[in-house]
Amino acid sequence: MARRVKKAPSVCTDLPLDTADVCAKLHLLRQLLGSCFGPTGRLKQVHNNIGGHVVTTSTSSVLLPAISSSQPFVNMIKTSILNHVSRFSDCGLFAAVFCLALIERAKRSALRESVAVKVNRHLLGLCTRYLQREDCGCKVKLDFCSIHNLITLARSVISSKPACVLTESETLHLSKLAVQAFLLTVPCDNPGTVSLGKTVTVPVEGHSVLHSAVFPGLLLGITDVFCLSKVDNLNSAPLIMVLFSASLAGDLCELGDGTIEVHPGADTDSQILDQLLELGKQAVKDEVKLFVCQKVIHPVLQQYLKSHGVVVIERLGISLMDPLIELTGAQPVATLHTTIPAKAYGKVRGLSIRQFGSNTMLHLHPYAESAICTMILCHRNETMLSELKVVCQKTEHVLRLTLREPFALLGGGCTETHLAAYIRHESMNEVTEIASALGCSQTEYLIGVEGFCCSLESVVTALEHNNGNSLVDLTHAHHWTLSADVMKEQMEDSFAFCGCGLVQTSSSKKWTYINTKYTEFAPAPLSRDTILQPCVLDSFTAKLNAFQVAVETANLALDVRYIIQDVN
Amino acid sequence: MGSSVINQRQHVGLQKLSALAGITHSSLGPNKKYKFIQDDTSGESALVCSCFRIFENLELTCAVGQLVYETVQAHQKVYHTGSGCLLFLAGAWSRAALECLQKGISVSHIISAMSEGMDICLDVCRKFSFSTEGLGGTQSESCIATSHGLGLLPSKKPPHLQGATNVHHKTLNTSGQRKLKLSRHFCEAKSENVSTAQPPPQPKHPDIAHIAEGLSHGCMDAMNLVRKASSMQSKTQDTGSSSFDVTKVVTCVLPGLPGESADVVPGCIVLLSADQASVAHHLKEQPLKVALITGDLSDTYCHLGFSRPKGMQHVSDPLALLSSSKEEKWLIKVVMILLNLEVNLILVSGLANEKVIQCCCKHHILVVDKVKASVLEPFANATGAVPVTYPTQLSKHCVGTGVKAVIWRDLSSHERKYCTAVHISTGGNSGLVTVIITSCVQGKLQALEDQFWACAYRLHHALKDKALLPGAGVTEMLCIHHLQTQAEHHVKHSIEKSGDVLKTRTAANHHRGVVLQLMADGLIDYVSTVMVNTGRISKIKARTIVNQQLQDYSGHVGIAAKFSQLFLEEEKEDTVVALSVKSNEAPAVKIYDNLSVKQEVWRKALDVVFLVLQTDAEVITGVAQKSENLMLL
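Protein sequences appear in the order of chains H and W. According to this note's numbering, the first sequence is numbered sequentially starting from 585. According to this note's numbering, the second sequence is numbered sequentially starting from -17.
Just so you know, these hints were derived from the structure itself, not from any lab. Among the hints, erroneous ones may be present.
27 Å max Cα-Cα, derived DSSO-like pairs, lysine-lysine [to be verified]:
(1) W/K315 to H/K865
(2) H/K890 to W/K378
(3) W/K352 to H/K890
(4) W/K378 to H/K865
(5) H/K890 to W/K230
(6) H/K931 to H/K782
(7) W/K354 to H/K890
(8) H/K973 to W/K59
(9) W/K266 to W/K378
Make the full structure from the sequences, and use the hints.
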């Protein structure tokens, strides 16, 4: 009999947020994620206890999957944030820090959980409505006629991850490349339904970042140098290519398990090889110039094709199949026991060779208008390169989101401080009606509002990692940073900008430290005729969703009454 | 799962980095010291001499160690030289960062100031680099052979340094004005040297012998091998210019022979058994036809990606049991093909079956297996052979001609099966050269091979960059000077302005000055460590000399010459002992450094420091129970 252990009863914890253990873990998680937040954030090294590969990162999409807690509470919050990140790519850390701050504040204020939940929900609605208004003070409409805002948006995302160790010029170069790649994936004149293309990223280690480049079309790695000499003269007319998804290695891989009886004198290998050579003969007859297979090609077939001047690429891999199909219009042939139908052939405009260090790549130029492009990403070392790859994919996603909603929010903490000031001001109106609608007392409502705003402001202070001070100006409610050895009174005389770069110091402004109480004021809109452009932008869609996810997750956490855990 | 949070002021990560770098101090510079690394559990030991090999043999358990190893390995794979410098500077600059943290400078300021420092250093490298063209003047082959016939003028100021003084006044361009200056010297050289001169207006081909000497950095023997390889390749290229193709150089390590047998031969050297050797003997003096096989030479070999289904059963004919097996049939078929095509020699990149080798030997066909791809390719190009995967693919188009096989040396010993070294070449037009590295001490072989590759790649990079830097610490001294100047400028600037303008700016400037000064100290540390490694100076004396030189420098333009001379005097004494060929009147040997390698090494060292500086915690997965110093999530 199999060894059986008596089933232990499940463990039930009630009011988990009251237990010190859970609170300590949540606090630790908040410190961990808060310390990674922003362009001056700190990095974390993630590795297994036994040893093995070390990943140095500050991105939530890499950090969060590595964290698995014994507390299901923590896991629930983590899963919720990961869900947001998988859908929107950006603002993961923001959502996590905001959510954890809300939970902590609610506990600390001793507000009843049900009241806190209701107030949070009400304020979320208030913020969302404000952000979606035309005249919202922290929203910027993206002008697609000028590249400037798109580059700023790309630049803000790229520079938010310090593990990439990029200089100013490198950041700018990459931002331009990201926008270029994004524009290449937006098809121009296609009738009918429009779908975005794809950017294939090829990482190359050991070279300077400034060698990164974007190419329309696809770049495929080739290892066989023997066929290279025949490539260069194929740049004139459109070339025919064929794509196989079946294995052309000459083996019987599809047959699976079970016994096969082979009669004497029958040679399966040579029969399959004959079939392969038939395919090759047909390809040569049909003037195919590029022969691509997702899997392995038999060396005899390769030799035959090469001797007839055909460029052969094998082992393409599944991830490149879709982009290649879209680029060339080819239909992959799934079996070798057939003649290749004419409509399976695809077309490329030309082929050329590109060299990146020791990597040799074949560049397929698109024949028709195509939305596929390839980005070659270079960096000096593997750690920085893998972080850079994640960041570039994030940037691509953020740029695509602008097609859905062509807005951006001011970055650098200005949106959060602006919202906090707005909420404080708005909640002064109609306190009694709202309180009775929510079923709580006015004091409770005001405590809930204060908690919400302080949570927003704590996200802003998490941006500062160098012992500086955070300030809010009392006119536009933007965020300002001061280094530790400067007094706030000297702000008026200095020449500085707020976090997003839109507001400049002047003698008429007043500031206060961010955690101090200030009399409510309506944040003034910025003058329309300013020539200043924001220099830090956040994605509107991603941030708005991050907001919602954070508040809803915090509400869910505050609502949890019991945790029932199965022990074995 | 657990994670630990580190106190910022102490920054354990940076301390670890500095400690790791301390391991390799003695393998810096031209005087490297050997180390034994012993494994306590298994008793194995390794004799290592370079930073890279030290790291390879250590088992590092910390995350910082992993990051450093990965960086060093990636650098070594591409550049093959400079890892010691990388690690040292990473350690020195991490100490600088630690000091800055203790002084209360914030991480962002440290990073931006150090980036500025790096820009200054890279700029200095660019400005003070000089072209490889026209260095050293023309020389004949006989001059190369003698140890001090370097083509240098027996004049007071060697040409390249005179050019360097011009650099201070004009920006350097590696063509145009510089060339004019040098070609004048050139004419002087021509009148004094007996050697045949080339007409000056032509674009100068780099003088490889001279550059190689300057880049040898203490490994004269290894660099001599490189020079021989290069001249051998130049002869085959037939273009009259000297060139060096490092991708066509292969090393062959032969233990047991004394070091002086090290040599360079065109083509390749393979170790064969007695039977094969007798075939080779039989084939000597004949022009051979060659077939190239990628993959194994056996009946059961299948190319990569081919998988045999496991459930195949062959129904056998009762009569079939009497006839020969599948393997024999295959063997007969292959031998028939080879005999028909008159192939005498087969080079296989994989393994060859024993039976196949013996069968071929009977028919006087020489089979050589485990041939590297870097050998197969030049053979293919030079002989016209086309490499195939299966011997059944061979046709007359795939067979190449013009190969020679000769027995090079008989290394028989009773314990070794493969004891005859056979030399296979294509008549000298493939560009492929094999460098034979030998030593009586088996443990030293890897170090000797590494030194050879380091020298070879230094030459390769010099020719690729078409530029060189002044060596022997001159470039570092120039960087230190510039860094210190800029540091003083920042501090002065901050003091002037502290009155009226916002204090942040001035504080930041003052901090920048401190950081730049500490970076310069790191470089001073590097230079003095290299000097200490010569074994003749103490650390304090070295630092004193360096500081003295720096003080003398300001404004005085000819310091570069002086500093270089200082080093060289010590070197000369060294080489007098070692080679005992140089006379006292020999002009000073010019020492060079690679431009791209140095820039890369400095940049990578700073990358590692930045990554470790900004890391403040480790997230360790898979931790089951609580342990001290860890906070559990």
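Worksheet item: Out of the numbered hints, which ones does the structure contradict?
Response: No hint contradicted; all consistent.
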